[in-house]
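Chains A and B are the protein sequences, given in the same order. If you want the working numbering, it's the 1-based position in the first sequence plus 84. If you want the working numbering, it's the 1-based position in the second sequence plus 84.
If you're looking for bench data, these hints aren't it; they were derived computationally from the structure. Built from N, CA and C at the ideal position, the CB exists for glycine as well. Take these hints with a grain of salt, some might be off.
Here are the simulated lysine to aspartate or glutamate pairs, EDC-like style, with alpha carbons at most 20 Å apart [unchecked claim]: (1) B:K119 - A:D107; (2) A:K117 - A:E130; (3) A:K119 - A:E96; (4) B:K190 - A:D107; (5) A:K123 - B:D180; (6) B:K159 - B:E149; (7) A:K87 - B:E96; (8) B:K190 - A:D180.
Covered stretches of chain A (chain B as the covering partner; in silico rule of three or more C-beta atoms under 8 Å from a C-beta of chain B) [to be verified]: (9) 86-94; (10) 100-110; (11) 117-125; (12) 146-159; (13) 183-190.
Pairwise CB distance ranges, derived in the manner of DEER restraints [unchecked claim]: (14) A:R158 - B:N105: 47 to 55 Å; (15) B:P135 - A:T129: 22 to 30 Å; (16) A:T164 - B:P135: 37 to 45 Å; (17) B:A192 - A:R156: 36 to 44 Å; (18) A:Y160 - B:K119: 16 to 24 Å.
One-letter residues, chain by chain:
Number of protein chains: 2
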Amino acid sequence: MNKQSLYKGCLEPIVLQLLGNHDRMYGYEITVKVKELTKGALQITEGALYPLLHRLEGEGVLTAEMEHVGNRMRKYYRLTPVGQATRKNALNELNDFIATLQLFNKPAIS
Amino acid sequence: MNKQSLYKGCLEPIVLQLLGNHDRMYGYEITVKVKELTKGALQITEGALYPLLHRLEGEGVLTAEMEHVGNRMRKYYRLTPVGQATRKNALNELNDFIATLQLFNKPAIS
DNA sequence: AACATATACCTAAGTTACCAATGTATTTAA
DNA sequence: TTAAATACATTGGTAACTTAGGTATATGTT
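Model the full assembly from the supplied sequences, consistent with the hints where possible.
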């Protein structure tokens with residue numbers, strides 16, 4: 085597993101990107117998808133994810149729909165129109181961020 | 085300027101990389117170099133940098149040498165042998181991190 | 001039948017790595 | 001002469017996490 089401290093601040097753009105590519109997803113699904121996609125390199129905790137989803141919903145970036153599967157509840161989230169724009173912006177920032185980090189990616193002299 | 089929250093946790097590997105490529109540097113020089121290298125995209129604050137340098141020195145990753153330039157003091161830092169290894173490791177983590185982030189770099193369906 | 005694991009939601013308390021603000025002092029440019 | 005740049009440093013606050021815990025259903029596993 086990668087050093088987790090590097091991912092601080094990246095959770096929001098990652099979630100937005102997933103929802104930009106998946107129409108709708110529920111919390112637990114997101115944690116599983118991220119773990120699967122990154123082959124375990126990134127494991128997002130529920131203690132980080134759920135408060136984030138609630139905040140984004142409160143900000144009008146996401147909407148939520150409850151659904152029952154058997155006796156168990158799922159809360160599906162999807163991007164609002166505002167969220168679509170937020171996602172695009174976040175993606176640009178993420179790409180700039182990656183490009184900036186690449187500037188320091190040198191083998192070193194010695 | 086990029087969204088700063090993304091860079092949380094990246095300061096240490098960035099500083100280690102700079103010192104891996106520059107033999108020795110002093111604090112203020114690092115702030116200027118980062119700003120210059122990233123064309124202003126990343127501006128590290130002194131409130132973040134100096135405590136980090138002190139910690140890395142305390143951990144044996146860096147050594148410091150004081151020097152006078154006129155009446156003004158400079159504190160030069162360089163990597164110790166331990167620091168060289170720490171840098172290499174941090175670079176690997178940074179590359180893994182970037183590769184993982186790239187997994188989410190998609191244009192989105194809509 | 002009992003138990004662990006997976007699925008599915010959630011919150012509260014603590015940690016960490018930063019930012020913003022401030023302080024001191026010298027040097028240089030307007 | 002006064003602002004900006006150079007150069008060090010610390011303190012207080014905060015955002016985004018982690019760790020730990022709680023509730024409940026569903027599905028293997030012995």
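Tested hints:
1. With a C-alpha separation of about 39 Å, the suggested pairing of B:K119 with A:D107 is violated against the 20 Å cut-off.
2. For the hint linking A:K117 to A:E130, the alpha-carbon distance of about 13 Å falls within 20 Å, and the restraint holds.
3. The hinted pair formed by A:K119 and A:E96 meets the criterion: a straight-line CA distance of about 16 Å does not exceed 20 Å.
4. For the hint pairing B:K190 with A:D107, the CA-to-CA distance comes to about 14 Å; that is within 20 Å, so the pair holds.
5. With a C-alpha separation of about 12 Å, the suggested pairing of A:K123 with B:D180 holds against the 20 Å cut-off.
6. Between B:K159 and B:E149 the alpha-carbon distance is near 6 Å, which keeps this suggested pair within the 20 Å criterion.
7. Under the criterion of a C-alpha separation no larger than 20 Å, the hint pairing A:K87 with B:E96 is consistent with the structure, at around 12 Å.
8. The hinted pair formed by B:K190 and A:D180 meets the criterion: a straight-line CA distance of about 14 Å does not exceed 20 Å.
9. Remark: the segment 86-94 of chain A is confirmed as covered by chain B, as 8 of its residues place a Cβ nearer than 8 Å to a Cβ of that chain, reaching the required three.
10. By the rule of at least three residues with a Cβ nearer than 8 Å to a Cβ of chain B, the coverage given for the segment 100-110 of chain A holds, with 5 such residues.
11. Taking a C-beta to C-beta cut-off of 8 Å, the segment 117-125 of chain A contributes 3 residues in contact with chain B, enough for the three needed, and the coverage statement holds.
12. Coverage of the segment 146-159 of chain A by chain B is violated. Counting CB-CB distances below 8 Å, 0 residues qualify, and the rule asks for three or more.
13. Residue count for the segment 183-190 of chain A with a Cβ under 8 Å from a Cβ of chain B: 7. That meets the three needed, and the coverage hint holds.
14. The beta-carbon spacing between A:R158 and B:N105, approximately 50 Å, falls within the hinted interval of 47 to 55 Å.
15. Distance hint check for B:P135 and A:T129: the Cβ-Cβ separation is about 27 Å, which falls inside the suggested range of 22 to 30 Å.
16. The supplied range of 37 to 45 Å is met by A:T164 and B:P135, whose beta-carbon atoms lie about 40 Å from each other.
17. The given range of 36 to 44 Å is broken by B:A192 and A:R156, whose C-beta atoms sit roughly 29 Å from each other.
18. Between A:Y160 and B:K119 the C-beta distance comes to about 43 Å, which lies outside the given range of 16 to 24 Å.
The structure fails hints 1, 12, 17 and 18 (numbered hints given earlier, in ascending order).
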